[in-house]
Amino acid sequence: MTETVYVQLLDLTCGALLLTAVLILWRRDLSVIVRVFALQGAALTALVAVLAAHERSGELWVIAAGVLALRAGLLPYLLRRTLAAAGEPQREARPLVNVAASLLAAAVLTFLAHAVSRPLVTLAPSPAAQAIPIAVTVVLIGFFVLVTRRHAVSQVVGFLLMDNGITALGLLTTTGVGLVVEVGVSLDVLLAVLVLQILAVRIRETFGDTDLDDLRELRD
Amino acid sequence: MNPAQVTFGAAVALALATAVAAIVVPRRVVVGAGTALTGAAGLAAGVAAVSGHSFSLVLPGLLPLSGVSFTLDALGGLFVAVTGGVAVAAGVYATSYGKASAVLPMFVLAMLLVPAAASVGTLLVCWELMALFSLLLVIGENRSRAEVTSAGRWYAVMTHLGFVSILCGLMVFAAHAPADSFAALREARLSPAVSATVFVLTLAGFASKAGIVPLHAWLPRAHPEAPSHVSALMSAAMVNLGVYGLVRVGFDLLGGGPRWWWLLVLALGALSAVHGILQAAMSTDLKRLLGQSTTENMGLVLVGVGAAGLFTASGNPVLAGLATAAALLHVVNHAAFKTLLFLAAGAVLHGTGTRDLDALGGLRRTMPVTTALFGVGALAASALPPGTAFVSEWLLLQALVHGLPPSGVDTAIALPVAVAAVALTAGLAVVTFVKAFGVGFLAKPRSEAAANAREVPYGMRAGMAIAALGCVVLALLPSLVLPAVAGGATTGLVTLRLTGVTGSLSPLLLTLWLVVAVVVVAAGVRGVVARRTRRDARLWDCGGGPMSARMEYTATSFAEPLQRVFDDVVQPELDVHVTHHEESRYLVRAVEFRRSVPDRVERRLYAPVLAATRAWGRAGRSLATGSVHRYLGYGFYTLCAALLLLAVTR
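The listed protein sequences correspond, in order, to chains B and R. Counting from 1, one number per residue, gives the positions in the first sequence under this note's numbering. Counting from 1, one number per residue, gives the positions in the second sequence under this note's numbering.
In isolation and in its complexed conformation, chain B is listed as follows (with noise of 0.2 angstroms):
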């Protein structure tokens, strides 16, 4: 691979992630937002892909197997069947902040991300680093998903965007942050995803709906 072929693809895979978390903030089916949030896990798994060839390294292989069986497979296949246990479709009917307000913000955040990690890219102005700023708006984007979003899955969504921001930060800067560092926060993101969807079945069971504004009355 050579380096043009490689600066290149590393910003189409991270344009990809880029563009599939703005997707997300746009689009208020639930069952295409998990279909988004799996393409994201296949770009993200592209963008590893992309750093192993360049580096050859065994080991960014294996992350690379890693994120597309768990982020492109497990984590949306665990979502869809907490919807599909809802029955009817369901959508983010009122978000706290609408959809254009969202996608405004999620410009400032954007250029935030960028005001914030000039730094960082200075320190060392690699191919690689140029992205970083992707990866740092991937995860303020998830935490705005977060804020904003009502419905249980799309709060577990938002979740699952920061933590593959945060990865890909990861990967921009060190280029693998070790195998070991890598399975242990996956667990730890599959153990979380398990309980929020517990959580959300058995507070629809409760209340009826996923929206957690519900969960008001239940303070001290």
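Since the hints were made in silico from the structure, they are not lab data. Quantities reported herein were computed from a predicted structural model and do not represent experimental measurements. Take the hints with a grain of salt, since some may be wrong.
For the chain B half of the interface with chain R, some residues (derived, Cβ under 7 angstroms), not all of them [claimed, not checked]:
id : residue
1  : L112
2  : L146
3  : G170
For glycine and all other residues, C-beta sits at the position ideal for the given N, C-alpha and C.
Knowing the structure of chain B, use the given hints to seat chain R on it.
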């Protein structure tokens, strides 16, 4: 291996073994005996260290980063010995009192380790362990009672604020030294501003542990609510470690300091002494009274320490040594009589179920042993010649009086005021303990509970007897302890030559004369009376019928004249409620009188702080609406703000 090291190791091993054994076999005998043995080993280690067998021990692997290092020198040895002695009495007492708790030996162990710590890290860890174990013991029993939980909360907050203060002070100190061991701190050269910061911060922390005004608010709450043997340990051993910390940091590590440091200590001490004993004199709760008397005695110790620092700063090592010896001797004496008094108060509580002096009385018949032992303790606590406290307070007064001639202007003002404060305190202490003993134990029982009191089991009596023995020995033969105390005082600049002091004070002779005088007077009276014929008659009651318990002095009425004298100072709250007969307003059916003496210092200083904290708490509640999104939003906006700040400032 010298004797101090062996016995200290034995104390540590015994305490740990007792704690494990108490978990396996939760019996009072196990805990009590183990604690007593731990205390005995600690006492032996302390005595060995005071008599010159100091040792050092470094365990680098025990704690990460800082490691653990211990050094038991003469000063530390004195406090280890005192703690050990108190633990012996409290341990024997605990064989038949309270719940079997594995925390008790661990608390004693933590108190033994604090004076042996030889680095900042070790000291702080042991200090915190001591605070936590004592907190567990305070709230361990009766935790369902509201007073206990409130006392526990006060204690937890105050002790941790004190800990933070000590932590900050010692961290600043260690930052200006090559390492955090005490040896390195002694070598450190500090600028006056830094050393003053260190001193004031550590003084605040150590003073709060010693219950010094204005940081005393926890003491009269926590000490009475704890089980009595724990009260004894806290009030007789734990508060001393505040004094230890002050002496160690002030004299040993900082090597003395400017005069204003010690004037501050002197002023705090005098204030605590007078305030503590005034509150105690007004108190009607037996254990609360004893707790307030602890504040008073620690105040007296601080007067001695402050005077010693003042004399050191003005270059008078002999007087400084005398003042230090007086202060440290008072620490030992106070430990002895306060142990005895708290244990006896526990016995009263055990026998009657109340500690309200107004509801006691008449225990002389039902609980003779406890009465006799409390009497010994009360005598020891009042600064009168055959008493234990007399020796040290007399020494303290000597030091203060002799400090006058060579002093400067500030000292010339401070020392006479201190002399007056010590004298006033001594007088009020007599009133307080006459009240506690006379109203609590003599005359007729004032309640059903007091009338049906039962003498306590032998284990408790033995614990009290050990403490009483300590009081008597210290009262009659202080020369046994005085050289050791003076040895403990040889830290840094302070050395003591006791020429002319032991000579002019011989409590044994004094007591002998007193006994002779009493016998002569008694024999004389007997001789005069025996010539007349005896006639049995009822006590003169002004014709008002047989004397009942309602005609006696109560604790409230006994303190009433004193309360009038100090009316402007204590500002008691009086509430007189008169109920009339329905037929006529001129006929009174009942008069209800209620008096409470709130702590003015506490009210002025603590109430505004507590009110402000409460207001903050209320404001904080409106932030927490229960919406998950709002909570997440707080995090999100904070993160964005932090990132923005980072982006802008770089």
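Verification of the hints:
1. Hint status for B:L112: holds, given a least beta-carbon distance of 6 angstroms to chain R, under 7 angstroms.
2. A least Cβ separation of about 5 angstroms between B:L146 and chain R falls short of the 7 angstroms threshold, and the interface hint therefore holds.
3. With its C-beta approaching chain R no nearer than about 18 angstroms, B:G170 sits outside the 7 angstroms limit, and its interface hint is violated.
When held up to the earlier numbered hints, the structure conflicts with hint 3 and nothing else.
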